[in-house]
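Asker: If you want the building blocks of each chain, they are given just below.
Number of protein chains: 2
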Amino acid sequence: MPSGFKASGIKAGLKSSGNLDLALLLAPEGAVCAGTFTKSLVRASCVDLCIDRLKVNAGCARAVLINSGQANACTGKRGLIDSVLATSALAKRLGLDAEEVLICSTGVIGEFIPLDKLIAGLDSLVDELSEQGGSTAANAILTTDLVDKQIAYEAYLDGRLVRIGGMAKGSGMIHPDLATMLGYISCDVGVPVDLWQAMIQRVSECSFNSITVDGDTSTNDAFLAFSAGSRLENDYLDILEVGLKLVAQYLAKAIARDGEGANCLLEVRVMGSESTSAARQIARTVCSSSLVKTAVNGCDPNWGRILAAVGRSGVVFSKNDVDLFIGPFQLIQKGEPVMFDRNAVSSYMQERKRGAYLIDDSISILLKVGNGIGDATTWGCDLSDQYVRINADYTT
Amino acid sequence: MPSGFKASGIKAGLKSSGNLDLALLLAPEGAVCAGTFTKSLVRASCVDLCIDRLKVNAGCARAVLINSGQANACTGKRGLIDSVLATSALAKRLGLDAEEVLICSTGVIGEFIPLDKLIAGLDSLVDELSEQGGSTAANAILTTDLVDKQIAYEAYLDGRLVRIGGMAKGSGMIHPDLATMLGYISCDVGVPVDLWQAMIQRVSECSFNSITVDGDTSTNDAFLAFSAGSRLENDYLDILEVGLKLVAQYLAKAIARDGEGANCLLEVRVMGSESTSAARQIARTVCSSSLVKTAVNGCDPNWGRILAAVGRSGVVFSKNDVDLFIGPFQLIQKGEPVMFDRNAVSSYMQERKRGAYLIDDSISILLKVGNGIGDATTWGCDLSDQYVRINADYTT
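Going down the list, the protein sequences come from chains D and B. Sequential numbering from 1 applies to the first sequence in the working numbering. Sequential numbering from 1 applies to the second sequence in the working numbering.
If you're looking for bench data, these hints aren't it; they were derived computationally from the structure. Just to be clear, a hint being listed does not mean it is correct.
A pair holds if it fits inside one copy or across any two, identical chains being indistinguishable in the list.
[As the list claims (entries may be wrong)] Taking lysine-lysine pairs in the DSBU-like style, the calculated list, with each CA pair at most 30 Å apart, reads:
1) K334 - K77
2) K253 - K368
3) K11 - K92
4) K92 - K353
5) K368 - K117
6) K92 - K77
7) K353 - K15
From just these sequences and the hints, can you work out the full model?
Answerer: Shown next as structure tokens:
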């Protein structure tokens with residue numbers, strides 16, 4: 001883990017499966033934290049608590065407690081009180097103010113956290129804290145994920161080793177009821193809180209905010225990034241941000257790839273629109289279209305569905321400017337179909353769907369919609385009959 | 001059919017299946033027509049042609065030609081020329097100006113209409129015109145629809161018999177590539193064109209614009225309504241509009257019920273928001289949520305998914321004001337779960353899913369989100385594994 005950071009994970013008995021279900025990430029003294037959260041108006045009280053504490057403390061935070069099993073959303077006042085009690089009990093054991101401790105919950109909506117079990121587990125959770133604890137923590141935050149999602153990058157910058165670590169969970173913007181996408185980054189470079197918040201906001205936009213599995217947004221989504229350590233010359237901040245972006249995009253793509261019922265990673269890049277936000281709007285519309293996603297599932301180079309999604313995205317463009325590529329193959333030029341080898345495109349899709357490539361494993365759709373500077377990429381996955389079965393057969 | 005209107009349908013050989021594929025609707029002299037069309041920027045040139053002709057002629061139109069098999073979208077200049085040639089050839093046979101004839105196409109995107117076959121069929125299409133031709137026409141406009149969609153209402157208003165007829169096609173806002181929702185209304189009451197356009201705009205909002213099957217909007221969607229005949233006292237126009245609304249809603253619900261892979265009709269009503277448009281926005285978000293639709297498929301009263309969809313709809317409300325009902329059962333009161341009989345709610349859903357009721361056959365979700373005057377209803381369907389198979393296995 002980045003210098004000074006520790007983590008741990010334990011089995012507190014919150015999940016009926018008996019798996020790891022309680023995680024802790026501890027940042028060194030002087031840490032600042034920036035967060036981005038679900039925009040849902042039906043958000044869990046733990047999200048409210050994180051937002052309030054980061055605001056009141058001007059971004060100073062030292063620890064985040066993460067429980068999996070219960071989302072503690074739609075649980076009214078008692079849900080909020082439970083979050084306060086859990087963080088207070090942990091703060092006491094860590095010698096911190098309660099306001100320096102954050103909490104994220106993921107699991108079933110409408111269920112209370114079994115607070116006695118959680119609090120009974122805190123002593124061993126603190127005992128287990130270590131610089132090698134990241135992997136256990138990354139497993140303790142999972143719900144219906146098929147794989148854990150973690151990564152660490154390091155580089156020499158300004159004459160010293162710099163480390164960025166990250167972990168995430170989620171296999172949809174929202175799960176059946178096992179809601180929530182969570183992402184955590186720790187970085188052992190100290191960055192002034194205002195700069196850090198702006199960097200994390202930008203990083204979030206082009207990573208976690210650029211994935212879509214089923215278009216549904218969770219009540220509990222949260223991305224928290226801690227910065228703590230000696231500072232770098234300002235000249236190095238741009239390259240640090242590149243590193244943060246790589247970590248966040250790795251995690252975001254891992255979430256999309258692990259989407260419910262997903263067989264492949266879908267990447268949609270839009271260039272040439274008037275602005276980046278316009279490009280992102282088109283890309284998200286294509287990437288979340290049920291008809292595009294089912295075509296990808298069927299390895300069908302169905303450009304009609306892609307153009308139809310672009311057309312309804314709400315962004316203004318001229319259809320005569322549109323070029324469309326799937327992988328290296330051009331299907332549309334200046335708005336009209338060009339001859340292409342349908343079997344070759346379908347094979348390109350099939351190989352990626354069955355996982356023939358470890359690197360460059362995504363099915364890539366590239367759209368050029370004009371000559372503007374807008375450029376954005378989003379990630380998603382195919383829509384399979386397994387997705388429907390997972391979500392239809394799941395009974396609350 | 002309403003007095004003075006005629007229709008016909010023939011097999012012109014446009015569909016490889018050999019089914020009926022060319023329809024004609026002829027309105028009496030003096031008719032006016034109002035239309036609402038797809039907002040997609042990638043729209044077919046036949047839609048452009050309809051919009052232009054209605055504008056240039058101030059709503060005067062006499063006939064609409066509808067071909068099924070080819071959508072004639074993304075077909076560039078030749079596509080537009082084909083639409084002009086087809087309507088000119090028909091106008092000549094009907095003794096009309098070409099500008100009085102509209103055309104709608106539905107079928108595969110990117111394919112040209114076999115124009116020689118279409119034109120060769122026009123003589124018999126005109127010969128077949130009759131007051132009993134509505135049903136044949138309603139069948140000739142279908143593509144992958146499982147059932148035809150037609151209805152006629154009549155009433156005595158202002159001392160005379162008034163008739164409204166309607167037909168529609170579509171089993172999704174867009175089909176695999178067999179795109180398009182089409183709706184047609186004929187009414188034997190003459191209404192001044194400005195009033196008629198405003199009425200049809202309102203009728204369209206609460207019918208065709210209030211359904212969603214898969215969230216994808218077609219390149220060719222069109223709803224055309226013809227008015228021709230003697231006028232009514234202005235006092236009767238409100239009740240005429242109620243009739244138009246019933247016809248349009250009947251057709252719209254028939255489209256949702258026939259959604260790809262659908263097993264039931266889903267009705268989502270939102271009350272108490274600040275405006276009707278806000279209510280519609282919430283209702284559409286719930287009605288098109290993949291997670292809500294799969295829960296409906298599984299007959300799972302999963303209120304967490306419904307609230308999560310409300311929360312991300314983009315409309316501002318207080319979660320403490322939310323009441324939620326499925327059928328007659330209340331699940332949420334003032335934002336918090338209430339005790340309910342899960343088996344009873346699931347049975348309510350199961351009965352409607354297996355079609356136990358001919359009337360009141362929809363699975364109904366009612367949301368109250370405040371004390372405002374906003375009130376809107378949308379219709380959709382469940383999301384099934386058949387939907388995925390239909391769309392993934394379909395190869396262009």
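Asker: It remains to establish, for every hint, whether it holds in the given structure.
Answerer: Quick rundown of the hints versus the structure:
no. : hint        : verdict
1   : K334 - K77  : between (57 Å within a copy, 13 Å between copies)
2   : K253 - K368 : within (22 Å within a copy, 37 Å between copies)
3   : K11 - K92   : within (21 Å within a copy, 81 Å between copies)
4   : K92 - K353  : neither (49 Å within a copy, 54 Å between copies)
5   : K368 - K117 : neither (54 Å within a copy, 36 Å between copies)
6   : K92 - K77   : within (23 Å within a copy, 73 Å between copies)
7   : K353 - K15  : neither (32 Å within a copy, 33 Å between copies)
When each numbered hint is compared with the structure, violations occur for hints 4, 5 and 7.
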